[in-house]
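These protein sequence lines map, in sequence, to chains Z and U. The numbers in this note's numbering rise by one with no breaks, and the one at position 69 of the first sequence is 69. The numbers in this note's numbering rise by one with no breaks, and the one at position 106 of the second sequence is 106.
Check before you lean on any hint, since a few could be wrong.
[What the hints assert, rightly or not] So the derived label-pair ranges between C-beta atoms look like this:
(1) Z:51 / U:64: 18 to 26 angstroms
(2) Z:112 / U:26: 23 to 31 angstroms
(3) U:72 / Z:219: 56 to 64 angstroms
[What the hints assert, rightly or not] Mimicking BS3-like on lysine-lysine, the simulated pairs with C-alpha atoms at most 25 angstroms apart in a straight line are:
(4) Z:88 / U:54
(5) U:54 / Z:56
(6) U:63 / Z:88
(7) U:137 / U:126
(8) Z:88 / Z:141
(9) U:95 / U:106
(10) Z:56 / U:63
[Said to hold, decoys possible] Among the chain Z residues that face chain U by a calculated CB cut under 8 angstroms, a handful are:
(11) 30
(12) 36
(13) 40
(14) 68
(15) 69
(16) 70
(17) 92
(18) 96
(19) 119
(20) 125
(21) 157
(22) 158
(23) 162
(24) 166
(25) 187
None of these hints come from the bench; they were simulated from the model. Beta carbons are placed, not taken as given, at the ideal position from N, Cα and C, and that holds for glycine.
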Amino acid sequence: MATETVVNDPIHQFRLHNLFDLFSVGGHQISFTNSAFFMGLIVLFITVFLLMAASKAAMVPGRLQSIGEMWYSMIHNMVNNVLGEEGKVFFPLVFSLFSFVLIANMLGMFPYFFTVTSHVIVTASLALFVVGLVVVVGIYKHGLGWFRLFVPHGVPIVILPIISVIEIISFLSRPISLGLRLFGNILAGHIVLKVFAGFVVSMIAAGGIIAVSSVLSLGMAVALTALEFLVAFLQAFVFAILTCVYLNDALHPSH
Amino acid sequence: MATTETTESTGAEGGHESGVFPPLDATSFPSQLFWLVIFFGALYLLMSRMVLPKLGAILTTRKAQVDGDIARAQALKDETEAAVKHYEKALADAKANANDIARDTKAKVSAQIDGEQSVLDGELAKKIKDAEARVAKAKAKAMESVESIAGESAADIVASLTGGKTTKTAVAKAIAGIKR
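Pulled out of the complex, with its shape left as it was, chain U reads as follows (with noise of 0.2 angstroms):
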């Protein structure tokens, strides 16, 4: 194997016979030692300096705007929840007040009601009286004239069934006692 010769012929920095287990070679540590401090320190610098910045700033950028977007979202339920709000109130406030007029309204109408209800009344009673005693009036002098009909006719058939003569006044005291 020519790797192995190469081992072989560098065997001046302390040959890799096999009696040495590599690991522990301690013939091999200063090379180890001087490029793992290159090579770690070049990694550090690499790091600290412009890989991690990059990626931390990716982040913070995300967040950023993960955070924003969140407020904004939250910024604008508020404003919903206030507007509903607010609609809610104005629907009320238009539901009482429609109510309100719905009872004066009513009110109003019934006492208006009332009113003409009792004025109507009032005429339709006196009317009614009016009535009444015309009809009172018209029935006294009926029976007025019933009476003296009847009168009359007592004398004319007393003096056909007696042929005598009958004075007003008796006749007239005959159907009083009738009456009574």
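Only chain Z is shown next, with the shape it has when bound in the complex (with noise of 0.2 angstroms):
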């Protein structure tokens, strides 16, 4: 039965549903699916509230202001701290991302809502995109200099070799920690919390006392909503901040 393959099956969640067919490009068909409507969705959200925040541009503001405020800053500083003066350009580039990824898996907590950061490729692109931006921008500012990041200063020669491999591949690892951080966070976040409010419907058809012990799957299902809610905030921030931290290598590669 279909309806029960939902409420049992944590994975339908990440479906992906096509809502129309769009072309097809070397074999591949474009289709916009439930995943572009909720990344049309938090691109919406994103602006019209910040439009809004921004409407009244009242000296001193009111909640949704002080909201759109605190956003601003919040990235604002980070970028300002991390990167410093020069960093500035970066900020848009930050911020968007910070946007994007926080409203992704705070959309995800709606039910019936789809996660767009529940697919790897989504954030495989985007940390790919930013450890690609760190090398451009570095071989761009620093020419092939740049490439010192990887050969640190006051190491003894006979090492050098050694701590220069691990450079590399700690680099190279980067878009892998970065993307897969937060695409696990926000999947295995939303298994659980699927797996233990199905209990709950489970444990209440199967009734009697296993139904009375419902309870204990429900609380904990609420407590997890919480933490998923924390997750939601967190792995968005540390998308944000280490994203500063890899841009800071182009910019300053020496140790």
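Got two chains here, each in a separate frame; can you build the complex from them with the hints?
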């Protein structure tokens, strides 16, 4: 029965549904899916929310404007502290990354909403984009001297090759860790949440003493929901600050 | 479920069979990547061109306003402090002035008093001396009269006692002997 599968299947929430097909590129079908719909919703939400927050431009901010200003200031200070004055160019990018991930995670907390960041292609693409940008900006700003990033100062010549290899591996693992951290956190959180919520339904269906103890499962689901809201914010924050830290390597490659 | 059917009916782009874990289903990657690029690009443009300048302007305006207000308050405070200092200086000057005036006046007055006192003292001393001289003269005159009266009385007493006559010189001699 289809309904029962939806109730008990924790994977169902990650399914993509084609809303309409667009065109095909090199044998790959490009379709407008629920994922694309929610990406659009995220962009719409962020833009409308922040424009509303900024609409009054009051000297003494109201509630909405305060949230908008805090949102702005948090990322502005982060970029300023980590990247300094010359990092200003990256502020819109870091802000967009943070906002996109944050709202994707937050919208994902609504029942029946699709979580864009629960798909590895989205998080990995963002992470690869960030690390790719670090390489491009680094070489653009410092030329080949940027590769000194992998050759730390003050290291004895004997162990320098080993250190360099470690540095290169750690650099290459950045997009993987950056993308997988977000993906894993959101995916696992949603699965666990769904599993506990599914327990409640199954246990009530079983009846008797098991139905009564479903309260425990419900309590767990409630607690996990709170935790997931924290994770939703924290992962967006971590993504933004790691982006800043990595971009700092592009601007100031010497350790 | 209708949605499940939809998914399966459009299975041409790689069906979501139960065997494939949806988040790792590579057949859905091109679509997601395509829309991610479009929507994230749109978000970046909206943020950098429209939203962030507006929010930034609000914060800069407020900062400028607050800084201006603080600077104005500081200027007013400095002005007040200068005024207080000026007032205190004026007060101190006035006090010093008043002290000077008081001292001068006191000195002048006491000098005048001393002058008048000495003049008066001189006059009084002169008057006293004159008076003393007059008294001494009167006393001497009185004493002379006393001598002559005593001489006459003594001559009378001797005449009535002895019935003899006494000479004026003898009496005077006798009186001078007694006085001595």
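Hints and how they fare:
no. : hint                             : result
1   : Z:51 / U:64: 18 to 26 angstroms  : holds, 23 angstroms
2   : Z:112 / U:26: 23 to 31 angstroms : holds, 26 angstroms
3   : U:72 / Z:219: 56 to 64 angstroms : holds, 57 angstroms
4   : Z:88 / U:54                      : holds, 16 angstroms
5   : U:54 / Z:56                      : holds, 10 angstroms
6   : U:63 / Z:88                      : holds, 18 angstroms
7   : U:137 / U:126                    : holds, 16 angstroms
8   : Z:88 / Z:141                     : holds, 15 angstroms
9   : U:95 / U:106                     : holds, 16 angstroms
10  : Z:56 / U:63                      : holds, 17 angstroms
11  : 30                               : holds, 5 angstroms
12  : 36                               : holds, 4 angstroms
13  : 40                               : holds, 6 angstroms
14  : 68                               : holds, 6 angstroms
15  : 69                               : holds, 6 angstroms
16  : 70                               : violated, 10 angstroms
17  : 92                               : holds, 4 angstroms
18  : 96                               : holds, 5 angstroms
19  : 119                              : holds, 5 angstroms
20  : 125                              : holds, 6 angstroms
21  : 157                              : violated, 44 angstroms
22  : 158                              : violated, 43 angstroms
23  : 162                              : violated, 34 angstroms
24  : 166                              : violated, 29 angstroms
25  : 187                              : holds, 6 angstroms
Hint check: violations occur at hints 16, 21, 22, 23 and 24; the rest are consistent with the structure.
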